[in-house]
Amino acid sequence: MPWVVTTWGISLLVVLPVGMVVLQAIFPEDNIWTHLVATTLPRYLSSSILLMVGVAVPSAILGVANAWLVTHYHFPARRIFQWALLLPFAFPTYLLAYLYTDLLEYAGPLQTLLWQWFEWRLKSDYWFPEIRSHGGVMTMFTLTLYPYVYLLACASFLEQSDQPRNLSRLLGCGVWRSFFRVSLPAARPAIAVGVSLVLMETLNDFGTVDYFSVETMTTGIFDTWLNRNNVGGAAQIATLLMGMVLLLVAIEQISRRHQRQYQQCK
Amino acid sequence: MVGFIAGVVGLAAAGVVSAAEEVNIYSYRQPHLVEPMLDMFTVETGIKVNTVYVKKGMVERLKAEGKNSPADLALTVDVSRLVALKRAGLLQTVNSIQLDENIPQNLRDPDGNWFVLTQRARVIMAARERVPEGALTSYEQLSDPDLGYKICMRKGNHAYNISQISSMVSALGREGAKKWLEGVGKNLGRKPQGNDRAQVGGVYSGECDLAIVNTYYFGKMFTGNGGKNPEQIAWAKGVRVIFPNQGDRGAHINVSGVTLLKHAPNRANAIRLMEWLSGDMAQYMYAHENHEFPVKIGVPTSPLVTKYLSGGRFKADSVSLAKIAEYSRVASELVAEVNFGS
Ligand SMILES: [Fe+2]
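Just so you know, the protein sequences line up as chains A and B, in that order.
Take the first sequence: its position 111, counted from the start at 1, is 111 in the numbering used here, and no numbers get skipped.
Each number in the numbering used here corresponds to the 1-based position in the second sequence with 1000 added.
Hints were generated in silico from the structure; no laboratory data involved.
Given the structure is predicted, the values throughout are model-derived calculations rather than measurements.
Take these hints with a grain of salt, some might be off.
Here are the computed distance ranges between Cβ atoms for each label pair [stated by the list, open to error]:
hint : chain 1 : residue 1 : chain 2 : residue 2 : range
1    : A       : Phe91     : B       : Asn1095   : 42 to 48 Å
2    : A       : Asp162    : B       : Asn1195   : 54 to 60 Å
3    : A       : Val249    : B       : Ala1322   : 31 to 37 Å
4    : A       : Pro88     : B       : Asn1195   : 27 to 33 Å
5    : A       : Trp117    : B       : Gly1148   : 27 to 33 Å
6    : A       : Glu29     : B       : Gly1112   : 50 to 56 Å
7    : B       : Asn1195   : A       : Leu50     : 24 to 30 Å
8    : A       : Glu119    : B       : Asn1195   : 29 to 35 Å
9    : A       : His35     : B       : Arg1087   : 42 to 48 Å
10   : A       : Ile26     : B       : Glu1133   : 56 to 62 Å
11   : A       : Leu99     : B       : Glu1060   : 32 to 38 Å
12   : A       : Val57     : B       : Glu1133   : 48 to 54 Å
13   : A       : Glu119    : B       : Gly1148   : 38 to 44 Å
The calculated DSS-like cross-link candidates involving lysine-lysine, where the alpha carbons are at most 25 Å apart (straight line), are [claimed, not checked]:
hint : chain 1 : residue 1 : chain 2 : residue 2
14   : B       : Lys1296   : A       : Lys123
15   : B       : Lys1086   : B       : Lys1296
16   : B       : Lys1237   : B       : Lys1262
17   : A       : Lys123    : B       : Lys1191
18   : B       : Lys1186   : A       : Lys123
19   : B       : Lys1237   : A       : Lys123
Virtual Cβ for every residue (Gly too), placed ideally from N, Cα, C.
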């Protein structure tokens, strides 16, 4: 019984501010919803969605491929790789962003070196990828968030019985075919969970995208609230963002249910 | 919630010294500037000053704290913030002969709700080596498709830029200002990023030819920021300061100011500090520590400002502060509409 009370208490602590935000969104003091919809909101939304796709796909590939390699192949230092691949977890994305920006920006050491080698000087003299961009953000997120997928995929690959895969090999499937037809589908629910966690982190980030001057739903909330002094508008964007996160949670839940079924079948 | 916690912390801080004479400040202005002055005030008057440095959202915080707010005064830059505090009903009227004497009438709220303490111009700093003298004379030119120079500018929605865009709205109308902002956006050398000084850094590195900057930063860079940023001396020496629109309406001015909060628990001390901030000692310190233009007539600008920034003797845009504050909403709409800087 005390546990129930505690749980409800904690839930209430979480739900209360969320409820306040939703209320502010529905009954704003100064409603700028039409201006938001006509101007910034579509940009925030499409930018966030673009980031989600651009982070989910490479994170999934990187996470699954690494998990497969360390669980199914023997190579030197495999054990070190097994946990070393998790280390980026401990690295805040914005910190990585600072480091890469210092290295790659116009006046950074790399481009300065290029000036010396090629006698370039002005920005118009040459092309260099802009780190403060969607591509830059996607790269930073992928590098720090893929361990979610890696971790869950590893667990799933290790849990899987070798029998179906060995059987498929006996029946003439090549290594790749048996990976794609047998092992990957079995791990799919776990991968989906990992990817949805990656996506939630991507959606919630503020530090990295702000530093890179890339507009997203979160920078939109901040900008509308503190620069435009409009709490209602910020709450409206925040409510939409929460809706997106809820959608991800739903997807994750459905995936988990599938995972349970797979495990029961085993 | 943040406001609530801040209030509690503030109250606790206030509680410790409740026996002594004191005054509590919420400040958007930075410690390194404010602290030496407030220390001096304490020495002169014996009144202890407690300061909470706020980064964002002062209006929200004060609203949340309501009657329980420990704050007496708000120190901030930007007239639209002063007006936002007034509109939110967070201020009270001050009638002080001393404030009225020290601060010119156009730099005070007609209702006595806020008072300007310092002024600075938003100017163009141009690369000495690449931009010939006289090549650029107005803000309007910055949006010229044939400008031929790249501009470095911080994010469009920053208070300094909103104030500047408001002045363009006042001069050119909403549509005119929108076209101007679009044009400036196309002439940017890089995505808006960093603070004002970083823009001059961008000119130094060659990423841009022109930077839009507040005047006092020239002083801060020129002195290496008191030894903290010696590399910035070269940045300052690499640029020529251009006061725009000297042939017509004048250069845009932005301000910093002080207000007395509605629920100020130490009203008398607060007014005393307001008067002190407009007086000779504080005005001299603002001018000499931070290279701003003092509002009190007769207080000299810093030697550096006198030599390199015309001692503040340039033509300033005479548009009223009330107008600038009024247009700030349109200005931030325009930044959103033209998707400035992307
Ligand atoms: Fe400043």
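Subject >> Unmet hints by their number, sorted upward, for this structure >> reply: 1, 3, 6, 9, 13, 14 and 16
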